[in-house]
Amino acid sequence: MPLHTVSFLVENRPGVLFKVSNLFRRRGYNITSLTVGPVEGSPLSRMTVVVDAESRVLNQIVEQLDKMVDVVKVKRLDPIRTLSRELLLIKLKTSDPMARIEAVNTVNAYHGLILDVEPDILIAEVTGPTDEIDEFLRKIGPIGIEEMSRTGAAAIERGNLKLA
Amino acid sequence: MPEMTGAEAYVKALEKEGVEYIFGITGAAIIPICDELLKSKMRYVGGVHEQGSTHMADGYARVSGRPGVVQVTSGPGATNIVTGLATAQLDSSPIVALTGQVPLSMVGTDAFQEVDIIGITASVTKHNIQVMEAAEIPHAIKSAFYISSTGRKGAVLVDIPKDTQTNRAEMVFPDSVEFRGYHPSAEPNPQEIHWAATLLSKARRPVIIAGGGAVASGATAELLELAEMLQAPVAHSLMGKGAIPSNHPLSLGLCGMHGRVEANYVVPEADVLLVVGARFSDRTTGALSGFAPNARIIHIDVDRSEIDKNVDSITRIVGDAKLAIRGIHEKIAQQRTTGPRDEALVKRIAELRAQTSALSTDSPLSGPAVIKAIRRAMPPDSLVVTDVGQHQMWAAQHYDVRGPGEFFTSGGLGTMGWGTPAAIGAKAARPDLPVLNISGDGSFAMTENNLALAVDEGFPITVVILNNGVLGMVAQWQRLFYDRRYSTIKRPRHPDFAALAETYGATGVKAESTKDIEKAIRRSIKDKQTTVIDVPIDPEENVYPMIPPGMGLKDILLGGA
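Keeping their order, the protein sequence lines are chains A and B.
Residue 30 in the working numbering sits at position 30 of the first sequence, and the numbers go up by one each step.
Offset between the second sequence (1-based) and the working numbering: plus 164.
Next up, chain A with everything else stripped away, as it sits in the complex:
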């Protein structure tokens, strides 16, 4: 099933994240990723959820979210007109000097940053669209991933298109 990005504004109040995630659980919607953060200068938070759903379910996700009192505005983002990024922090095992060179080259190829270096360990940050992060992980995998942390997608539409 295709991935879709839905962004929505919610009241920044205790319990709202629970109600949103409870809705997804209760109706069996598959969340691929979920990000939350407050909106500057507003009492609202913005949530972005990437879901794996066919069109009837996607439509239901939008409508069921919209029905919640704490959800102010919901929008299914048009994939063609949306910029989406996620952040990956990754810790690599690089005791082998060749592996270390390979790791640095791969991180650079994906415009990542080396954040920390220790004798056996290298920590990098990579930002990009989800599929690019996936691709990076496929390439870096053979080197040996010690630990990783992905944020899920933050997304915003191009031009004048706005959620609020």
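Keep in mind that the hints were calculated from the coordinates and are not lab data.
Keep in mind it's a predicted model, so treat the numbers as computed, not measured.
Among these hints, one or two may not hold up.
Unchecked claim - Listed below are several chain B residues computed to face chain A (Cβ distance under 7 Å; list not exhaustive):
1. 286
2. 291
3. 345
4. 346
5. 469
To be verified - Subject to a maximum C-alpha distance of 30 Å in a straight line, what follows is the list of computed DSBU-like cross-link-like pairs (lysine-lysine):
6. 19(A) x 91(A)
7. 176(B) x 203(B)
8. 306(B) x 67(A)
9. 180(B) x 67(A)
10. 93(A) x 162(A)
11. 674(B) x 654(B)
12. 176(B) x 306(B)
13. 67(A) x 19(A)
14. 654(B) x 162(A)
15. 19(A) x 473(B)
16. 306(B) x 203(B)
17. 536(B) x 718(B)
18. 473(B) x 75(A)
19. 75(A) x 19(A)
20. 536(B) x 674(B)
21. 67(A) x 205(B)
22. 718(B) x 366(B)
23. 205(B) x 180(B)
24. 366(B) x 473(B)
25. 690(B) x 679(B)
26. 19(A) x 306(B)
27. 73(A) x 306(B)
28. 73(A) x 473(B)
What the hints assert, rightly or not - Label pairs and their calculated CB-CB ranges:
29. 56(A) x 395(B): 25 to 35 Å
30. 722(B) x 54(A): 30 to 40 Å
31. 141(A) x 478(B): 46 to 56 Å
32. 3(A) x 506(B): 40 to 50 Å
33. 382(B) x 148(A): 55 to 65 Å
34. 131(A) x 395(B): 50 to 60 Å
35. 180(B) x 3(A): 28 to 38 Å
For glycine and all other residues, C-beta sits at the position ideal for the given N, C-alpha and C.
Assemble the complex: chain A is given as a structure, and chain B must be docked to it using the hints.
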């Protein structure tokens, strides 16, 4: 701004909403409020179990159209209302549940009688709110009434920690509340109405299905006018009973799993199907492939999320059903272009109706015969509620109504035990009308202790128990689909229900004929005396017609063999 305690503000806020009755049970976490209620004219009806109190609030709400109020303590008091909340929520009945909670400082510590009722009820309420300080109480209560009674109505819960009840604050009582994320719009889109009118006016075989939304929006008069203009037969879901008078020539009756033959044969014939305030529940549609295979569907619903949830529609009108139907009617009347009709469709209704009545069993105390006897004994202006099971389906099929507001049942959740307390709530809403619960032995046993309230609180009701000594609907499935392998359907020993009624101070009657039933009902109504009428019925009797689970509307079992 007056300064007062949270409990004082609570009472004032409820009074401002015009609350007549508070149903509930007290407890430690709600004592400050109960103390304050002593000063109020609102009537507190103390129950025997919180589930029953919630059903009373629900019955009151369905009959009065105004939110019913249930007030309970924290912990087990709160968890006991969950079934009642879900029942009300699934049938879009406006109830406001007010729960005491342990003091805020103890929330999250697993304190005595603490449960996370916000978490527990999130899936079975339209909205819920936990009060975080005393000053929030007026706004929270106003919000609960507003949200529960607007748009698609439903259950709203407010959880009130004990310290917020006793703390003092400057209180503001808003006359209205607004939410950035809640805009129940009722005004249908004219373009959508135009499309619907065009489709309907060109239809050869238009058919209407009315759901609970048609009744809730008060659209039934408009619906009937439209049906008559289009000569469109009208079927109804369980919740839509009353949308059209049962004896109207265009009435198809109940549609779906235990729907009438007329409905289940005619609905799939539609070329245009107008669905008004119904949500295409599996019990109404049967297998979707056989539901209305050739129909272009027009769906009217006040809840946008119901559109295309289960069945795709070609035209959808989001908004108040009454306004939508009136709009369609006006548009078609203006256009004056109804296409050629398939006259045979309406003629078939009468034929099918005659066929079905020929099938009905002659046994003197068959389910349908008991229901018809009840109808004969009940005056035209009266209210009937049901419990859940075989008796409920017989009632839905055979209890004729003249219009909306006469028949109430737990449709979506199918809550056994709903009937008796809901009847009490109904009586509280309309003390001038006789109220009767059509029940079964299994359902009645679940909440019979509420009879004490019917007697003591002066809410005389009549209960007719169709008593077959088994959980009949499950027995029927096991008979029909499990090769008569009966399992788990035996009831524990019943008390003698008539004698039980007497111990509560009600009248108990053992009926042996439909004459006995009618006589006892008439007497109960005349004497305003809560009466339980125990009617033995055959445990082998099935509810027919029936569509086997997973089959289409036309795969109908007629029984009668």
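Checked hints:
At its closest, the beta carbon of residue 286(B) sits 5 Å from a beta carbon of chain A; the interface hint therefore holds under the 7 Å criterion. This hint holds: residue 291(B) has a C-beta 5 Å from the nearest C-beta of chain A, less than the 7 Å allowed. For residue 345(B), the shortest C-beta to C-beta distance to chain A is roughly 4 Å, which falls under 7 Å, so the interface hint holds. This hint holds: residue 346(B) has a C-beta 5 Å from the nearest C-beta of chain A, less than the 7 Å allowed.
Among the interface hints, the one on residue 469(B) holds; its C-beta lies about 4 Å from the nearest C-beta in chain A, closer than the 7 Å criterion. At roughly 34 Å between alpha-carbon atoms, residue 19(A) and residue 91(A) are farther apart than 30 Å, so this suggested pair is violated. Straight-line distance between C-alpha atoms of residue 176(B) and residue 203(B) comes to about 10 Å, which keeps the hinted pair within the 30 Å bound. Among the hinted pairs, residue 306(B) with residue 67(A) is consistent with the structure: their alpha-carbon atoms are about 19 Å apart, no more than 30 Å.
With a C-alpha separation of about 27 Å, the suggested pair residue 180(B) and residue 67(A) falls inside the 30 Å cut-off, and the hint holds. Note on residue 93(A) and residue 162(A): the hinted pairing is violated, with a Cα-Cα distance of about 42 Å set against a maximum of 30 Å. With a C-alpha separation of about 21 Å, the suggested pair residue 674(B) and residue 654(B) falls inside the 30 Å cut-off, and the hint holds. For the proposed pair residue 176(B) and residue 306(B), the alpha carbon gap of about 11 Å is at most 30 Å, so the pair holds.
With a C-alpha separation of about 12 Å, the suggested pairing of residue 67(A) with residue 19(A) holds against the 30 Å cut-off. Of the supplied pair hints, the one linking residue 654(B) and residue 162(A) is violated, its CA atoms being roughly 61 Å apart against a limit of 30 Å. A threshold of 30 Å between alpha carbons decides the hint, and for residue 19(A) with residue 473(B) the separation of about 20 Å falls inside it, so the pair holds. Between residue 306(B) and residue 203(B) the CA atoms are separated by roughly 21 Å; this keeps the pair inside 30 Å, and the hint holds.
Between residue 536(B) and residue 718(B) the alpha-carbon distance is near 26 Å, which keeps this suggested pair within the 30 Å criterion. A threshold of 30 Å between alpha carbons decides the hint, and for residue 473(B) with residue 75(A) the separation of about 18 Å falls inside it, so the pair holds. The hinted pair formed by residue 75(A) and residue 19(A) meets the criterion: a straight-line CA distance of about 18 Å does not exceed 30 Å. Between residue 536(B) and residue 674(B) the alpha-carbon distance is near 18 Å, which keeps this suggested pair within the 30 Å criterion.
Annotation: proposed proximity of residue 67(A) to residue 205(B) is violated, straight-line Cα distance about 36 Å (limit 30 Å). Between residue 718(B) and residue 366(B), the direct Cα distance comes to roughly 25 Å. Compliance with the 30 Å bound is thereby established for this hinted pair. For the hint linking residue 205(B) to residue 180(B), the alpha-carbon distance of about 12 Å falls within 30 Å, and the restraint holds. Using a Cα cut-off of 30 Å, the hinted pair residue 366(B) and residue 473(B) holds, with the two alpha carbons roughly 26 Å apart.
Proximity of residue 690(B) to residue 679(B) is assessed by CA-CA distance (about 16 Å); at most 30 Å being required, the pair is judged to hold. Note on residue 19(A) and residue 306(B): the hinted pairing holds, with a Cα-Cα distance of about 21 Å set against a maximum of 30 Å. Between residue 73(A) and residue 306(B) the alpha-carbon distance is near 23 Å, which keeps this suggested pair within the 30 Å criterion. Restraint check for residue 73(A) and residue 473(B): the C-alpha separation of about 20 Å stays at or below 30 Å, so the hint holds.
Separation of residue 56(A) from residue 395(B) is about 34 Å and conforms to the stated range, judged on CB atoms against 25 to 35 Å. Separated by about 38 Å at the C-beta atoms, residue 722(B) and residue 54(A) satisfy the suggested range of 30 to 40 Å. A beta carbon spacing of about 49 Å between residue 141(A) and residue 478(B) agrees with the range 46 to 56 Å that was offered as a hint. At roughly 47 Å, the beta-carbon separation of residue 3(A) and residue 506(B) lies within the given 40 to 50 Å, and the hint holds.
Checked against the hint of 55 to 65 Å, the pair residue 382(B) and residue 148(A) passes, with Cβ atoms roughly 58 Å apart. In this structure the supplied range 50 to 60 Å holds for residue 131(A) paired with residue 395(B), their Cβ-Cβ distance being about 57 Å. Against the hinted window of 28 to 38 Å, the Cβ-Cβ separation of residue 180(B) and residue 3(A) comes to about 49 Å, which falls outside the hint.
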